[in-house]
Amino acid sequence: MSSSPSLNTWSDALSGLSIGWFPLGLVIIAAIPLVFIALYALTYGVYGERKISAFMQDRLGPMEVGIWGLLQTLADILKLLQKEDIVPKLADKFLFVIGPGILFVGSFLAFAVLPFGPAFIGADLNVGLFYAVGIVAIEVVGILAAGWGSNNKWALYGAVRSVAQIVSYEIPASIALLCAAMLAGTLSMQQITMMQAGPGGFMHWFLFTNPIAWLPFLIYFISSLAETNRAPFDIPEAESELVAGYFTEYSGMKFAVIFLAEYGRMFMVSAIISIAFLGGWTSPLPNIGGLELNTMTSGPVWGAFWIIMKGFFFIFVQMWLRWTLPRLRVDQLMYLCWKVLTPFSLIAFVLTAIWVINH
Amino acid sequence: MSEYFSNIKTSATTIATGMGITLKHFFNAVKRKGDAGIDDADYFRQVDGLCTLQYPKEAIPTPPHGRYRLYCNIDDCIGCRQCDRACPVQCITIETIKATSDDLEACGKTSGGQQKRMWVPVFDIDVAKCMTCGICVSVCPTECLYHTPVADFSEFNVKNMMYHFGNLSKIEAEAKTKKLAEQQAQAAKEKAAAGGAPGAKPAPKPKPAPPQA
Ligand code: SF4
Ligand code: SF4
Chain X
1 MSSSPSLNTW
11 SDALSGLSIG
21 WFPLGLVIIA
31 AIPLVFIALY
41 ALTYGVYGER
51 KISAFMQDRL
61 GPMEVGIWGL
71 LQTLADILKL
81 LQKEDIVPKL
91 ADKFLFVIGP
101 GILFVGSFLA
111 FAVLPFGPAF
121 IGADLNVGLF
131 YAVGIVAIEV
141 VGILAAGWGS
151 NNKWALYGAV
161 RSVAQIVSYE
171 IPASIALLCA
181 AMLAGTLSMQ
191 QITMMQAGPG
201 GFMHWFLFTN
211 PIAWLPFLIY
221 FISSLAETNR
231 APFDIPEAES
241 ELVAGYFTEY
251 SGMKFAVIFL
261 AEYGRMFMVS
271 AIISIAFLGG
281 WTSPLPNIGG
291 LELNTMTSGP
301 VWGAFWIIMK
311 GFFFIFVQMW
321 LRWTLPRLRV
331 DQLMYLCWKV
341 LTPFSLIAFV
351 LTAIWVINH
Chain D
1 MSEYFSNIKT
11 SATTIATGMG
21 ITLKHFFNAV
31 KRKGDAGIDD
41 ADYFRQVDGL
51 CTLQYPKEAI
61 PTPPHGRYRL
71 YCNIDDCIGC
81 RQCDRACPVQ
91 CITIETIKAT
101 SDDLEACGKT
111 SGGQQKRMWV
121 PVFDIDVAKC
131 MTCGICVSVC
141 PTECLYHTPV
151 ADFSEFNVKN
161 MMYHFGNLSK
171 IEAEAKTKKL
181 AEQQAQAAKE
191 KAAAGGAPGA
201 KPAPKPKPAP
211 PQA
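Those sequence lines, one after another, are chains X and D. Under UniProt numbering, think of the first position of the first sequence as 1, with each following residue one higher. Under UniProt numbering, think of the first position of the second sequence as 1, with each following residue one higher.
Keep in mind the hints are simulated off the structure, nothing from the lab. It is possible that some hints are incorrect.
[Stated by the list, open to error] Quick list of simulated restraints, FRET-style, between CB atoms: (1) 134(X) with 3(D): 33 to 39 Å; (2) 343(X) with 42(D): 50 to 56 Å; (3) 51(D) with 126(X): 53 to 59 Å; (4) 65(D) with 240(X): 39 to 45 Å; (5) 300(X) with 60(D): 52 to 58 Å; (6) 331(X) with 15(D): 17 to 23 Å; (7) 42(D) with 134(X): 54 to 60 Å; (8) 12(D) with 19(X): 55 to 61 Å; (9) 10(D) with 171(X): 21 to 27 Å; (10) 158(D) with 78(X): 27 to 33 Å; (11) 89(X) with 42(D): 56 to 62 Å; (12) 42(D) with 68(X): 25 to 31 Å.
[What the hints assert, rightly or not] Using 27 Å as the maximum straight-line C-alpha spacing, the simulated BS3-like pairs for lysine-lysine come out as follows: (13) 153(X) with 93(X); (14) 159(D) with 170(D); (15) 57(D) with 79(X); (16) 191(D) with 179(D); (17) 339(X) with 9(D).
Glycine included, each C-beta is placed from N, C-alpha and C at the ideal position.
Extracted from the complex, chain D is given alone in its bound form (with noise of 0.2 Å):
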């Protein structure tokens, strides 16, 4: 029986409790949650009022120094499909040509003053794949692939996520393949007529054995 009452005053209890907590968010609806950003100081203090946002109309700020969005500044990229190889979901998608020597002018070279030998028609992004795991970036040697702050890149079409960087386009890029083959087959003809025969590679160094255990 005296489980009985105390079940009751519990109840009351805890329901009275409950209800002030409700009324006091209520009446802290007329405040608003400060928009203080997570490198705020006083980000863990704003407990009281709306926390609702008004998202396209309001945004917290995204910190100067974000890694978000991924970007590939094409002009420094010298194609060597180092991040390409290192991404862990394939989200990089890079094709090359070989620049011809009397192209390397037109190549041109990278703000740090390397000579371009690859012309990269392709260099395709799907930055709804892509995690920004910051591998590629680490691995890029010319330093051209990095994160922007830009965190909001939302699109209604999922093809709109693949972003193209290449920097030829589709004709071009047939061109060159074309050059790139008549210097070859050139190149090749020229070696034929200068008598090299063509399977006089020296035979290749034979392994170490492996060190018995």
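Chain X on its own, in the form it takes in the complex (with noise of 0.2 Å):
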């Protein structure tokens, strides 16, 4: 499907320019998405998980760098690039050296197709929500890498974890987010988006248009914490039990890049669930009578703004979870998956079938 052209004004533009053979609009293109997750992984993710974690305990977190510790971050990553970067004698070096470039690709890579505004859309793919399902599974093979090459049997647990959870929470997550494409009929992330915009801000939402939506919602929502390895399904990592899981060897920028990756997750995971069910970049405020809230909010400035806010929002919901719940065992892990999530989900699918039909 082609979009309008309306739709990508931004992007359209950018992959057009070149110099010479250079298509230096791509490069910016791609560039975008990660400046914006190192700037945002610097700051709301490393400061930002910091300071929540620490308030949600009574404590006050970093504080020493700069004025309430702001420098945290900074000083961090000179230690980080200072680090030697060891790669262990017997690991199986190919591997161990490409893993966190996978997982990160993995990460970055859906990137592409995340409607970052009504008019900025890396790749407005006509089977967009299919392809951010499917690339994250990229990640597996990532950590797999990661795991298998350490020769570390910690690292090789976590990673085996990591396969057997994303792998199974793929499945509630995807036909979760299928009944979000029902609704709206395409797989287009930029359609799915228009499909919930309209005068009324958060009225149009789908998780606000229909009876069943909230719940295809919270499955994607409890699958997505698994498939970004976030607390309580944070068993690859298990640092407790695992000393650090797959990343156990790393050290220095490799395991910077690692934790870019799960930062990146963390961010495309909540934008896809802001985009299935709570209207993307569309702007929550409704016009009401004569005034036009709605409308004074829209426009490709504010949809960045209002996606981010939403991915944002749902980070912070991830954050707050990993300080109020356990970690679950890898048992209990697999009876939410098969035996609630996935059963759950298949009857949000036939009940939202149901819904779509009859309207």
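Each of the two chains sits in its own frame; use the hints to bring them together as a complex.
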């Protein structure tokens, strides 16, 4: 499906830009999410998570470097840069080195289809949602490469657990997203968002326009936690049982890249859940009578603002959950996936289908 | 089947409760726990808010009558070694030299007016070992050994935890030892000159037999 040109004005214009043979525009388009991930991971991801976790535990968090410890993340980066880049002697060097790379690429690739606003999307694929769900699976390869390549039993355990977990949770996650796709009648992220735009603001969102959307919404949120290895599904990492799971052996910048990938994935799933159920870049404010709040807060810049805010909200919930719940046991994890989430996602799927047919 | 649903219900409600608690703490982070010390009536009522103490900059005041770091007022020490013997962990090291009779004036008196008869060239307290049990304090006859309210005396080098209190320098101590030896030799000579046979001590009394059971 070719999207209407008005949808992608910025990214279309950018991708046409090139200096001689060099496709400068494409490079800029690719760099935008990268810069975004880096900035957000540094500020909100690392610093924010530290502060949020500290506040939830009645602590202060970093305070010494800069005002309120604001420069702590920079100090950490300097520290990581100075660290020796160790590759264990008996590790499978090739796998060990490319593991973090695959992990990062896996989370970064999905940003291609995330609409960052009504006028900017890297690639408006007509199978965008499907692509986003599928590309996450690359992460499994990265984790396996890292875990196996480390030649360390903890790392291998972590990696195997992670594969079991991610492969299992892909199922309820995908079925839950299918419900959203059914409601929209399309797999294109930009189209799904457009379906939820309107003068009523949040009233057009799938979560509020039909009575069963909360079920796939919840199921996708829970599964997305598992796919990003966030607590309470962080058994691949399991720092108290497995030291640090699949990245036990990593040091310095490789470790940093693994974390960057994790924060990238966190935003990615948060953005996907916002797009599928909460209207992506559409403004939540409704037009009330003469007060055109919705019209005022729409547009390319506002769109980027809204989707980032929605993503950040879900990241906050992920952090909030992380500092609330203990880690699940492996059997509980599988129970939750196969005996709870999967049946309920199938029920949600059928109910959504009935609802869509009757409307 | 009903257990299945009740489990789901329990999980949902318990997760909601737990998240409520953490969120409450998150928003309470704008507050600070008060800095009421342990002897404050409000100590246990400071429930909400951050509890991190940024230590070197902020410290909970220790009670003015606290008993923490051991201190020896060496001017009052009579070198009786009671504390040394009483200490369960042997963290006090004392060396004493008897003052010669012409030195008694220089040796001085304790603040209680008692004549000191010992120089104490070495009085070391290893505060790293001291467990502040206070036994030494209770046996000290001149009350010159006591715990101070200073609670924070950490050091980077454990050697610095050895506190020296002696009242003589090494050279002075040598001089005093020499002087004492000379005087003793002198006294022995005088005694010999006076004709007292050295072995003429009266035999010790036999101990009374233990009572028969
Ligand atoms: S307080 Fe106790 S441990 Fe410390 S020096 Fe005195 S007797 Fe020894
Ligand atoms: S008990 Fe007191 S007077 Fe005696 S040696 Fe110890 S500190 Fe000095």
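Right, here's what the structure says about each hint:
1. 134(X) with 3(D): 33 to 39 Å: At roughly 36 Å between Cβ atoms, residue 3(D) and residue 134(X) fall inside 33 to 39 Å, so the hint holds.
2. 343(X) with 42(D): 50 to 56 Å: holds, 53 Å
3. 51(D) with 126(X): 53 to 59 Å: holds, 54 Å
4. 65(D) with 240(X): 39 to 45 Å: holds, 43 Å
5. 300(X) with 60(D): 52 to 58 Å: This hint holds: roughly 54 Å between Cβ atoms.
6. 331(X) with 15(D): 17 to 23 Å: holds, 19 Å
7. 42(D) with 134(X): 54 to 60 Å: holds, 59 Å
8. 12(D) with 19(X): 55 to 61 Å: holds, 57 Å
9. 10(D) with 171(X): 21 to 27 Å: holds, 24 Å
10. 158(D) with 78(X): 27 to 33 Å: holds, 32 Å
11. 89(X) with 42(D): 56 to 62 Å: Check passed, 59 Å falls within 56 to 62 Å.
12. 42(D) with 68(X): 25 to 31 Å: holds, 27 Å
13. 153(X) with 93(X): holds, 16 Å
14. 159(D) with 170(D): holds, 19 Å
15. 57(D) with 79(X): holds, 25 Å
16. 191(D) with 179(D): holds, 18 Å
17. 339(X) with 9(D): holds, 15 Å
Going through the hint list in order, the structure satisfies each hint without exception.
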